[in-house]
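Work from the hints to combine the two standalone chains into their complex.
Chains as they are written, first to last, in this note's numbering: chain A, 1 to 243; chain B, 1 to 206.
Just so you know, these hints were derived from the structure itself, not from any lab. Each hint should be verified, as a subset may be incorrect.
[Stated by the list, open to error] Subject to a maximum C-alpha distance of 20 Å in a straight line, what follows is the list of computed PhoX-like cross-link-like pairs (lysine-lysine): (1) A/K33 - A/K4; (2) B/K33 - B/K63; (3) A/K4 - A/K45; (4) A/K45 - A/K35; (5) B/K185 - A/K45; (6) B/K185 - A/K49.
[Stated by the list, open to error] Counterexamples of contact, computed for chain A against chain B with all Cβ distances above 10 Å: (7) C3; (8) L27; (9) I31; (10) E36; (11) A58; (12) V69; (13) V107; (14) F117.
Fair warning: this is a prediction, and the values are worked out from it, not measured in the lab. In this text, a Cβ means the ideal position worked out from N, Cα and C, and glycines have one as well.
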Amino acid sequence: MTCKEIRAHFHEDYFAEVKRGCQPLALLEHIAKCKECSCFVEEQKELAKGLLRLREDAPAVSDSLDVLVLAGYRSSISERSRLAPAVSPASLISPLRSSSWAAIAFVLIATAAVLLFTYGQRRHMDRVSTERPPVMSPPAAMANTRTAEPEPVHKKANSMVRSAKRASPAIPVALPGDWSSTSFQGLMYCDRLSCPKDMDVIRVQLPSAAVAFGPTSSKANDVVYADVLVGPDGIARGIRVVE
Amino acid sequence: MTDSIESRSDAELLTLSLAGDEGAFLLLYERLKAPVFRYAFYMTGSQASAEEVMQEVFIALLKNGNRYKPAQGDLPGFVFGIARNLIRRVKRRESVMEMLPGEEALDRKLLDQPGAGDPSARVIRDQSVERVRAAIASLPDHYRQVIVLCDLCELTYAEAAARLQCAVGTIRSRLNRAHAMLAQKMRQTKKPRPQLRASGTEECLI
Numbered sequence: 001m002t003c004k005e006i007r008a009h010f011h012e013d014y015f016a017e018v019k020r021g022c023q024p025l026a027l028l029e030h031i032a033k034c035k036e037c038s039c040f041v042e043e044q045k046e047l048a049k050g051l052l053r054l055r056e057d058a059p060a061v062s063d064s065l066d067v068l069v070l071a072g073y074r075s076s077i078s079e080r081s082r083l084a085p086a087v088s089p090a091s092l093i094s095p096l097r098s099s100s101w102a103a104i105a106f107v108l109i110a111t112a113a114v115l116l117f118t119y120g121q122r123r124h125m126d127r128v129s130t131e132r133p134p135v136m137s138p139p140a141a142m143a144n145t146r147t148a149e150p151e152p153v154h155k156k157a158n159s160m161v162r163s164a165k166r167a168s169p170a171i172p173v174a175l176p177g178d179w180s181s182t183s184f185q186g187l188m189y190c191d192r193l194s195c196p197k198d199m200d201v202i203r204v205q206l207p208s209a210a211v212a213f214g215p216t217s218s219k220a221n222d223v224v225y226a227d228v229l230v231g232p233d234g235i236a237r238g239i240r241v242v243e
Numbered sequence: 001m002t003d004s005i006e007s008r009s010d011a012e013l014l015t016l017s018l019a020g021d022e023g024a025f026l027l028l029y030e031r032l033k034a035p036v037f038r039y040a041f042y043m044t045g046s047q048a049s050a051e052e053v054m055q056e057v058f059i060a061l062l063k064n065g066n067r068y069k070p071a072q073g074d075l076p077g078f079v080f081g082i083a084r085n086l087i088r089r090v091k092r093r094e095s096v097m098e099m100l101p102g103e104e105a106l107d108r109k110l111l112d113q114p115g116a117g118d119p120s121a122r123v124i125r126d127q128s129v130e131r132v133r134a135a136i137a138s139l140p141d142h143y144r145q146v147i148v149l150c151d152l153c154e155l156t157y158a159e160a161a162a163r164l165q166c167a168v169g170t171i172r173s174r175l176n177r178a179h180a181m182l183a184q185k186m187r188q189t190k191k192p193r194p195q196l197r198a199s200g201t202e203e204c205l206i
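Chain B with its partners taken away, still in its complex shape (with noise of 0.2 Å):
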């Protein structure tokens, strides 16, 4: 019986699902969360707000799984389209790009790793680890949408042009851009701040 469950499709588990049973829901949920709470926190930049948004997701695709077609896409693009309205409606409310996200995230996955370097390499890494984060969240949307899907959530392009619902070759291009505008951007954090000279704020203070 299980075999039989876990061969099904993702259509026929949605359906099952929509039936109540639990065990097609379940294992439909095993096979989405990971992409979808992986797309869902780059996104926001936060794990809260991912949890939530997955929350969502996952309602929503109960209330709304009967407008699915097959036709019209594979069943993750549907989510993704789901999770994505939803992540542009937290990031209206919250506005969480504001702010550096996932340093609890950061701290916890360090705290896993006792004796995984010293501290000067630790600090290093979180340092180069949120200048990409930074750069990421300062890209435009439909950069960053490439960007999370193909470099972050490791799609292919054909994976991501069906999620974002567009041609493979609009996805290389975003990506090739994409990449420009983030070196771009880390090349510019990078620079050394301007010194103070001495002697002028000793002037300054005589």
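Just chain A, with the same shape it has in the complex (with noise of 0.2 Å):
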């Protein structure tokens, strides 16, 4: 055995020769002609023993320790889980929470949408039935004109639809079985056949000059009253004037 294999052999497995107590032969031969070696190995193997005794005095973890560890991973844990709802906003644009979100959004929507598109349609309807002219309406100078009659003229063409729906303006009058052979005057071709059902007779007011079939008077702005005959289809049928 050389000097440089006796440095390498307690470079290798450095608590060797302590733990095992015996040196190899080899060893022993080259320390015994080798001062130098010698000295090298009473030193490895003191130096060997002292960090043996070091290792075996190292103290044991004490519980008291363990158990400020362990409350220390408690508290850690208590504090994030109290931190939790602090990124609960980060959690809301969550895909799940979004789409949820988007539904909602999507209904809202529809429903504007439909409500819009209904009440466009009503004021659509309004419009066609206000713009749709009566079956027999006075001129609009004579429409503001009271009348002493129950139910004589209406202001406005759509407040007459109105209150034809609401209630009939008509007066109910019974009517002899051949009107015709009354005073009233035919407006259209009307008889039995085509007229089957009663009919309503409606006072209006009209200007004298518009009344080319009744009495005329001497003045131009006089107005003149007149009964129409309203069929169940709204129709006029005929008129005849009262004064």
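Below, the structure is given as structure tokens:
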């Protein structure tokens, strides 16, 4: 064994010589002859013994330290769980939450669209119904004049239509069996077959100039009253000038 | 259930611990506490400082455990890295290496062994241990690290290389050099102190 081999031997397994308690014969023969290696081996053996004693003297982990570490773990976990709700705004943007928000928004938009469409349709119907001319509407200039008759003239065309829906403005008149024989003048062709049902009589106020078939007034601005015979279909069938 | 937890790796136990599984944390603590504590004890030389480091290590592990990536190394290496940084901080703060450490632990150890030997043998043993301890404490940090890990914490060269994030060859060369430096320091402490000459003292007194 050479000096280099002895150093390599200690380098490979430092504590082997101390643990074994005996040394190989080649080593003993060499250190008997080499003083430097003898000193080296003695120093290394003493150092190894000291390291082993130091290793044995290491204190064990105390129970109080275990308790402290466990308490630190519990407080850390509880603090983390306490701070978890503070992160909830971020969780609101999670895919599940965002999809539910999108569904709610879609439902709201669809409801608003349906309401707007319904409202538009109603407005359109109202406009169409107001634009439809009344069957026998008096001139607008005459509409504002009050009459002594119970239901004489409607002020506006749409109000006429509305009142016609609400309650029949006509005064049911028991007509004779053959109304054509009365003083009513036919406005369109109407006989028993074409007008089978009872008809209503409406008293209206008309400018005298508009009445070409009744007794004419001397003044052009005078008004006359006329009874209009209205069929169940709302079409005027006949007219009779009263005054 | 216990068997399934015990068969889990350190990284899995860490994940469970971070999720609030106390059993997993206790198992992980049992696996790591002895080597980490011994490392902290030998590096700081004080049981109180080692316990402080131990506490801080596990608190830091719970705080920064999410940063651990198994691809970068095993969990003990990660924990030893935390411990190494904390030990440096403690040493900067307290300069614990200036004092002779571990006396209270040594006394407790000796008291626990009644009749372990005669008092003179105990004193010789204590002196030997203290000389080794002082010699280790006086080593540069990178040599002290390998001595503590390989000789005192009984890690293999590969494990020590993983803890210190260096090559195995570096560990071997540093350990060889550290042994030579320790032997030299112990040789110096064994040198007899120079004796005062009696005649000179007498002459001065006269």
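We went through each hint and held it up to the structure:
no.: 1; hint: A/K33 - A/K4; verdict: 15 Å, holds
no.: 2; hint: B/K33 - B/K63; verdict: 18 Å, holds
no.: 3; hint: A/K4 - A/K45; verdict: 17 Å, holds
no.: 4; hint: A/K45 - A/K35; verdict: 15 Å, holds
no.: 5; hint: B/K185 - A/K45; verdict: 14 Å, holds
no.: 6; hint: B/K185 - A/K49; verdict: 15 Å, holds
no.: 7; hint: C3; verdict: 14 Å, holds
no.: 8; hint: L27; verdict: 17 Å, holds
no.: 9; hint: I31; verdict: 15 Å, holds
no.: 10; hint: E36; verdict: 13 Å, holds
no.: 11; hint: A58; verdict: 5 Å, violated
no.: 12; hint: V69; verdict: 5 Å, violated
no.: 13; hint: V107; verdict: 37 Å, holds
no.: 14; hint: F117; verdict: 53 Å, holds
Violated hints, listed in ascending order, are 11, 12; each of the other numbered hints is respected by the structure.
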